[in-house]
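Enquirer: Modelling step: build the complete structure from the supplied sequences, incorporating the hints.
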Amino acid sequence: MINFLQNLIDALSLGSLYALVALGIGLLFGILRLVNFAHGDFITIGAYSLILPSASVTATMVIGSWHWEALIPMVCVIVIIVAMATDILVFRPLRRSSAPTLMIASFAVSYMIQNGVLMIYGARPKAVNLWSALTTQINFYGLREPVLQLVTIATTIVLMVGLSLFLKRSRWGIQMRAAAEDFRMAQYLGVRGNFVIGLAFAVSGILAAAVSLLFLAQTGALSNVMGVPLALFAFVAVVVGGMGSLPGAVVGGFLVGIVTTMLQAYLPPDLRVFRDAFTFTFVIIVLLVRPAGLIPSRSIVERV
Amino acid sequence: MQTEESLLTDRPGLLAQPQAAELTAENVVVQFGGLAAISKVSLTVRRGDIFGLIGPNGAGKTTLVNCLTGFQAPTSGRVLLGGDATSGWSPDKFRKQGVARTFQAGRLFKEMTVLENVEVAAVGLGLTRRAAQLRAMALLDWVGLAPQANRIAGTLAYTDERRVGIARALILSPAFILLDEPAAGMSDAECEDLIEWVATIPDRFNCGVLLIEHNMRVIMGVCDRIHVLDGGRSLAEGTPAEIQENPAVMAAYLGMES
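Taken in order, these protein sequences are the chains called C and P.
Quick note on numbering: full-length UniProt numbering labels position 90 of the first sequence as 90, and the sequence is numbered without any gaps.
Quick note on numbering: full-length UniProt numbering labels position 192 of the second sequence as 192, and the sequence is numbered without any gaps.
Any given hint could be a false lead.
Listed next, with one range per pair, are the computed distances between beta-carbon atoms [what the hints assert, rightly or not]: (1) G185(P) with N115(C): 53 to 63 Å; (2) A70(C) with G154(P): 43 to 53 Å; (3) F71(P) with F166(C): 22 to 32 Å; (4) D10(P) with R169(C): 19 to 29 Å; (5) E196(P) with V289(C): 43 to 53 Å; (6) A73(P) with R169(C): 30 to 40 Å; (7) N27(P) with I120(C): 49 to 59 Å; (8) P53(C) with G154(P): 48 to 58 Å; (9) F71(P) with L94(C): 50 to 60 Å; (10) D84(P) with A123(C): 49 to 59 Å; (11) Q19(P) with N115(C): 53 to 63 Å.
Computed footprint of chain P on chain C; a stretch qualifies when at least three of its residues, placed anywhere within it, have a C-beta under 8 Å from a C-beta of chain P [what the hints assert, rightly or not]: (12) 170-177; (13) 180-191.
These aren't lab readings, by the way, just hints derived from the structure by calculation.
Heads up, the beta-carbon is just placed ideally off N, CA and C, and yes, glycines get one too.
Expert: Here it is as structure tokens:
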């Protein structure tokens with residue numbers, strides 16, 4: 001039982017990360033019909049922003065050694081700037097392009113960031129010690145969990161509640177929701193298109209920054225492709241949840257995280273190396289039963 | 001405390017009242033590939049008038065409205081708002097300068113509430129949420145949908161969707177509103193309702209109405225002037241009485257429509 005609870009918390013913690021990444025991807029897809037594979041690389045940039053830019057093997061913390069109250073906003077600002085610059089330099093000139101064109105452009109951005117990081121920071125992964133205090137375990141009636149797992153889950157809940165309040169209550173949020181459902185119509189009503197899209201990139205930047213810190217604190221290693229698997233699994237989560245639906249992205253993220261962790265824990269040892277194959281089999285089954293995802297978006301269904 | 005009426009039609013101080021007195025298409029041509037959807041159409045909608053735009057299916061009515069609202073750039077010719085050329089304006093600029101429209105299909109934001117659908121238009125034009133909500137409620141009340149304000153828009157009846165679309169377009173009193181077949185699919189009784197209701201728009205909101213409609217009862221009942229398109233060309237323009245007696249119009253309608 002204790003064992004299962006521990007696995008469950010691990011699963012929720014991994015699911016949280018996937019849910020945050022999926023939200024970032026889902027938000028942009030909703031408004032722009034852009035599947036942004038560069039989102040994972042925004043995460044990479046957030047992580048690398050903590051250290052001194054150099055090709056040396058050991059990482060020298062700069063922003064990473066700041067107090068968390070300064071560190072978190074700083075990383076957010078950096079990733080927001082990168083995300084919005086990507087919009088202005090790459091996606092704004094492609095505004096009237098088709099969805100596949102946008103997706104391929106996002107692959108290009110992704111590779112450019114990966115290779116840019118490679119050139120500046122060198123090819124070898126670097127060990128980084130961020131917030132090591134969070135890895136201490138707490139003991140709760142025999143349940144031993146690192147504080148970090150709980151912090152990850154709590155942060156995700158705070159960000160999700162914050163995002164949903166922002167979308168529901170704020171004057172920008174209501175415009176983003178309208179643009180996500182019918183971009184042209186929103187413009188006809190006076191909503192400024194580029195402004196709303198820029199805002200969506202900024203919000204996805206905040207989500208990416210949060211993931212980079214939580215993920216780095218867990219793994220303790222920087223690599224120029226560290227964000228790629230996150231973006232891939234999150235994309236799968238978005239599809240499972242239902243393209244264009246934010247609650248779907250969250251549900252999909254948690255589901256993929258939970259399935260992955262539970263397979264890791266309970267598959268026979270010989271089969272564990274094939275864990276991802278089982279995960280994706282599960283995904284395929286879900287999509288066979290519900291082709292539009294678990295929580296399909298009304299507006300997307302009608303458009304297709 | 002603002003009165004109900006001022007919530008319905010005033011624009012608050014921070015927004016300039018649109019001044020344009022005329023919305024004009026000047027020799028507008030639209031070509032898709034080599035095919036002319038509209039050739040050399042000119043018309044002028046005056047503020048305070050209800051201007052009917054009729055014609056058989058495929059006559060180019062919606063294409064013309066698309067030009068007049070910035071959805072589509074004319075291949076040649078110009079669209080003028082109060083004498084200013086509008087080329088290069090984005091759709092939101094058209095709305096800010098006072099040109100609003102509705103769509104045949106309604107195009108509500110189906111996952112948002114009815115109130116939010118109207119509210120977002122006022123927020124997009126610069127109001128705070130609270131101010132936008134007050135005005136949105138006043139408009140919903142006017143179109144008779146206040147009791148449905150908190151329903152999800154996707155669950156509304158087809159004809160009610162149309163009303164929300166009109167409320168959304170009328171918020172903060174545009175100078176011109178372009179209604180694309182508001183009566184489509186309505187029963188006779190609903191049409192009567194709509195006629196009465198549309199007829200009050202110019203005075204109440206101090207705006208001009210361009211009405212695309214198939215239903216001749218609606219058109220003849222409310223319009224000050226009517227412009228007839230056929231095959232992308234102007235066939236005639238005049239008062240309802242003149243149009244009804246125009247031989248070219250009668251031929252086009254008898255020929256194309258039962």
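Enquirer: Does each hint hold? Answer for all of them.
Expert: Going through the hints against the structure:
Restraint check, G185(P) to N115(C): a C-beta distance of roughly 56 Å satisfies the suggested window 53 to 63 Å. As the Cβ distance of A70(C) to G154(P) is approximately 45 Å, the hint placing it in 43 to 53 Å holds. Range check, F71(P) to F166(C): Cβ separation about 30 Å, and the 22 to 32 Å hint holds. Judged by the Cβ atoms, the range 19 to 29 Å given for D10(P) and R169(C) holds: they are separated by roughly 25 Å.
Checked against the hint of 43 to 53 Å, the C-beta distance between E196(P) and V289(C) comes to roughly 51 Å, which is consistent with it. About 37 Å separates the C-beta atoms of A73(P) and R169(C), a value consistent with the hinted range of 30 to 40 Å. A C-beta distance of roughly 57 Å is found between N27(P) and I120(C), which places it inside the suggested range of 49 to 59 Å. Between P53(C) and G154(P) the beta carbon distance is about 50 Å. The supplied range of 48 to 58 Å therefore holds.
At about 20 Å, the CB distance of F71(P) to L94(C) disagrees with the hint of 50 to 60 Å. Evaluation of the 49 to 59 Å hint for D84(P) and A123(C) yields a pass: the beta carbon distance comes to about 58 Å. Taking the beta carbon of each, Q19(P) and N115(C) are about 54 Å apart, inside 53 to 63 Å as hinted. With a threshold of 8 Å between beta carbons, the proposed coverage of the stretch 170-177 of chain C by chain P holds, since 5 of its residues qualify and at least three are required.
With 10 residues carrying a beta carbon less than 8 Å from a beta carbon of chain P, the stretch 180-191 of chain C meets the three-residue requirement, and the given coverage holds.
The earlier numbered hint that this structure contradicts is number 9, and it is the only one.
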